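Enquirer: Sequence:
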Amino acid sequence: RQELMRREELQARVLRAQTPLPARAVHVWRTPLLAITPLADEMKTLLSADYRGRSVRFRFPEHRNAFSAGRALLRMILGGYCTCAPQDLRFTYGKQGKPAIDESGSHLSQTVSFSLSHSRKALQIAVAAEGALGIDVEDRGREFDLDGLVAECLTDEEARPLGRLSPEQRREAFFRYWVHKEAFLKCVGTGFSVPPKEVHVSFSDGAPSEMRCANPLANAVLFGRDLECEPGHLAAIATPEPESILHSIVV
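At position 107 of the sequence shown (counting the first as 1) the number is 107 in our numbering, and the numbers step up by one without a gap.
Hints are computed from structural coordinates only; laboratory data are not their basis. Some hints here could point you the wrong way.
Unchecked claim - Subject to a maximum C-alpha distance of 20 Å in a straight line, what follows is the list of computed SDA-like cross-link-like pairs (lysine to any residue):
hint, residue 1, residue 2
1, Lys121, Ile101
2, Lys44, Ile101
3, Lys95, Gly191
4, Lys197, Arg176
5, Lys44, Arg64
6, Lys98, Leu39
7, Lys197, Val221
8, Lys95, Gly232
9, Lys98, Glu62
10, Lys98, Gly191
11, Lys44, Val251
12, Lys121, Lys197
Because the structure is a prediction, the values reported are computed rather than measured.
Working from the sequences, and respecting the hints, build out all of it.
Expert: Printed below as a string of structure tokens:
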């Protein structure tokens, strides 16, 4: 009963934090995962049967709880915008698995577009009234083969200046490219079926990044923004409009 009340309090907090979502605005919700994973068992009752089935396939409890709590929080947030109960939402999926709210025979007052990303410790959810979205958040403390990923994921033009940086600066610069590229691929809905190296990112001081891809599966020009995020993380969002108005909401 205490856990249920905590879940209800979380849902009430989400509803209080929501504001109208005008055209060209993007609401970016964020939370440390530890703020919601203790409620995972109660929150998973908001999930559909197939998502509950997917959650039990995770080997480690921390991954299972992050999946369940994150998707349940997504439903709470989307239900507020669509003025329906979180468990009443239905989703459709693109060829590469990108989800969207199912509008067929819609009983919803409105629908929105969205994107979700989480690391081991942080979660971000972007919502817009219209237009595609892609969001990515990464843990800066991840261990990986930096040289290997630079060669695999960055174009020669992107990689060349990194060679003049200190190891820490090089790592930080790579992470920034990475979150923008992954946000791009999530926005166009291909995921990593299109190699990140085929996405070219141009950064300009004080302006959104410009991202292009010539691959027919992801032939688009999108714009990226760095996002506020939890300490030790880096995050970015990709949108079709360079002047999207971002509004950050902390759960």
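Enquirer: Decide, hint by hint, whether the structure agrees.
Expert: These are the hints, each one checked on the structure:
{"no.": "1", "hint": "Lys121 - Ile101", "in the structure": "violated, 26 Å"}
{"no.": "2", "hint": "Lys44 - Ile101", "in the structure": "holds, 19 Å"}
{"no.": "3", "hint": "Lys95 - Gly191", "in the structure": "holds, 10 Å"}
{"no.": "4", "hint": "Lys197 - Arg176", "in the structure": "holds, 14 Å"}
{"no.": "5", "hint": "Lys44 - Arg64", "in the structure": "holds, 10 Å"}
{"no.": "6", "hint": "Lys98 - Leu39", "in the structure": "violated, 26 Å"}
{"no.": "7", "hint": "Lys197 - Val221", "in the structure": "holds, 15 Å"}
{"no.": "8", "hint": "Lys95 - Gly232", "in the structure": "violated, 33 Å"}
{"no.": "9", "hint": "Lys98 - Glu62", "in the structure": "violated, 24 Å"}
{"no.": "10", "hint": "Lys98 - Gly191", "in the structure": "holds, 8 Å"}
{"no.": "11", "hint": "Lys44 - Val251", "in the structure": "holds, 18 Å"}
{"no.": "12", "hint": "Lys121 - Lys197", "in the structure": "violated, 27 Å"}
Of the numbered hints listed earlier, those contradicted by the structure are 1, 6, 8, 9, 12.
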